[in-house]
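Sequences and hints are given; from them, build the entire structure.
Position one of the sequence shown corresponds to residue 1 (our numbering), numbered consecutively onward.
What the hints contain is simulated information worked out from the structure, not anything from laboratory work.
All residues carry an ideal CB built from backbone N, CA and C; glycine is no exception.
You may find that some hints are simply not true.
[Claimed, not checked] Now the in silico label distances, taken between C-beta atoms and shown as ranges:
#: 1; residue 1: 165; residue 2: 70; range: 43 to 51 Å
#: 2; residue 1: 319; residue 2: 93; range: 52 to 60 Å
#: 3; residue 1: 253; residue 2: 161; range: 31 to 39 Å
#: 4; residue 1: 117; residue 2: 180; range: 48 to 56 Å
#: 5; residue 1: 161; residue 2: 116; range: 26 to 34 Å
#: 6; residue 1: 259; residue 2: 148; range: 32 to 40 Å
#: 7; residue 1: 108; residue 2: 67; range: 38 to 46 Å
#: 8; residue 1: 93; residue 2: 57; range: 41 to 49 Å
#: 9; residue 1: 134; residue 2: 66; range: 22 to 30 Å
#: 10; residue 1: 180; residue 2: 45; range: 45 to 53 Å
#: 11; residue 1: 284; residue 2: 142; range: 38 to 46 Å
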Amino acid sequence: MKLRQMVFALTLAMLAVCVWAYARERVLGDVPASANSEPAKPFLGRWDLTLKSADHEYPSWLELTEESGHLNAQFVGRWGNARSLPKVEVSNGHLTFVSPKEEEGAAADMVFEGTLVGDRLSGTVNGPDGKTWQWSGPQAPALKRIHPPKWGKPIALFNGKDLAGWKMSEPNSEKVWKVENGELISPGHGPELMNDSKFEDFKLHVEFNCGPDSNSGVYLRGRYEVQIETDSIQEPPSHHMGGVYGFLAPTPELPRKPGEWQTYDITLVGRMITVAQNGETIINNQEIPGITGGALDSHEELPGPIYLQGSEKGHAAFRSLVLTPAEK
Numbered sequence: 001m002k003l004r005q006m007v008f009a010l011t012l013a014m015l016a017v018c019v020w021a022y023a024r025e026r027v028l029g030d031v032p033a034s035a036n037s038e039p040a041k042p043f044l045g046r047w048d049l050t051l052k053s054a055d056h057e058y059p060s061w062l063e064l065t066e067e068s069g070h071l072n073a074q075f076v077g078r079w080g081n082a083r084s085l086p087k088v089e090v091s092n093g094h095l096t097f098v099s100p101k102e103e104e105g106a107a108a109d110m111v112f113e114g115t116l117v118g119d120r121l122s123g124t125v126n127g128p129d130g131k132t133w134q135w136s137g138p139q140a141p142a143l144k145r146i147h148p149p150k151w152g153k154p155i156a157l158f159n160g161k162d163l164a165g166w167k168m169s170e171p172n173s174e175k176v177w178k179v180e181n182g183e184l185i186s187p188g189h190g191p192e193l194m195n196d197s198k199f200e201d202f203k204l205h206v207e208f209n210c211g212p213d214s215n216s217g218v219y220l221r222g223r224y225e226v227q228i229e230t231d232s233i234q235e236p237p238s239h240h241m242g243g244v245y246g247f248l249a250p251t252p253e254l255p256r257k258p259g260e261w262q263t264y265d266i267t268l269v270g271r272m273i274t275v276a277q278n279g280e281t282i283i284n285n286q287e288i289p290g291i292t293g294g295a296l297d298s299h300e301e302l303p304g305p306i307y308l309q310g311s312e313k314g315h316a317a318f319r320s321l322v323l324t325p326a327e328k
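Shown next as structure tokens:
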């Protein structure tokens with residue numbers, strides 16, 4: 001009797017082991033490809049994307065990384081800051097990632113499907129208008145500089161009199177930028193203001209005065225926003241005064257001074273940025289990973305303009321904008 005019981009117990013144990021092994025194989029077989037999988041490796045890195053609707057193009061940015069055998073995604077959509085995505089996977093050479101509807105102002109999550117075509121990511125996404133959009137883009141350039149820059153002659157971007165050398169993103173807007181008493185004043189919830197010239201590497205001196213409960217910013221090459229604000233204290237540190245929006249937080253973070261004149265001295269060389277606020281360095285030669293929300297385009301390899309943000313609330317004034325370009 002005892003022998004029969006032992007044989008029966010042993011048989012049950014062996015059966016349980018077999019069932020566990022079979023189940024484990026099935027579960028692991030269903031796991032989406034991770035960055036440790038050979039098919040996923042070509043997708044890793046940073047990508048400068050452009051989303052195309054029927055009548056508009058939207059700059060965007062994606063970074064895919066591997067951590068402990070799992071894919072992670074950081075994404076800059078049509079607006080807002082860089083954020084982690086809830087779902088990303090690679091299967092059979094096909095990339096899928098999801099941007100939540102709450103972030104996109106859409107009725108449904110935007111599901112991006114894509115593949116590698118040559119050296120570009122290309123695919124489709126369900127747009128917030130209910131139509132299928134196309135998207136594509138190359139890997140983002142490293143923008144590394146071999147030699148330190150040799151600086152040229154300073155250029156005054158604002159003449160203190162009028163908008164010569166500048167243009168508004170919406171020239172027919174009822175709200176417009178104004179020049180009063182030698183100051184360039186943002187309209188609040190109006191158009192952006194873009195300089196006519198394009199620059200690559202440079203030093204930029206800015207004198208600004210941000211009103212109470214207001215928000216603006218200075219975009220470098222039209223792609224990277226250095227934040228100007230007195231209204232974002234509850235938001236993440238990279239959204240605060242002097243931060244590179246969504247990427248780099250100011251350290252130390254200086255007190256807000258609504259209604260007072262302040263200065264930025266910004267140096268941008270490749271992807272490396274240094275920001276001094278009122279003479280104190282708050283970002284010291286740090287890398288900007290990619291474009292920030294509100295960028296004019298995602299073509300990081302190209303020179304771009306200085307542009308001042310006027311679409312956010314409140315008012316900011318500027319009285320000096322002097323740029324010193326690097327000589328080529």
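Quiz item: Which numbered hints are broken by the structure, listed smallest first?
Solution: 5, 7, 8 and 11
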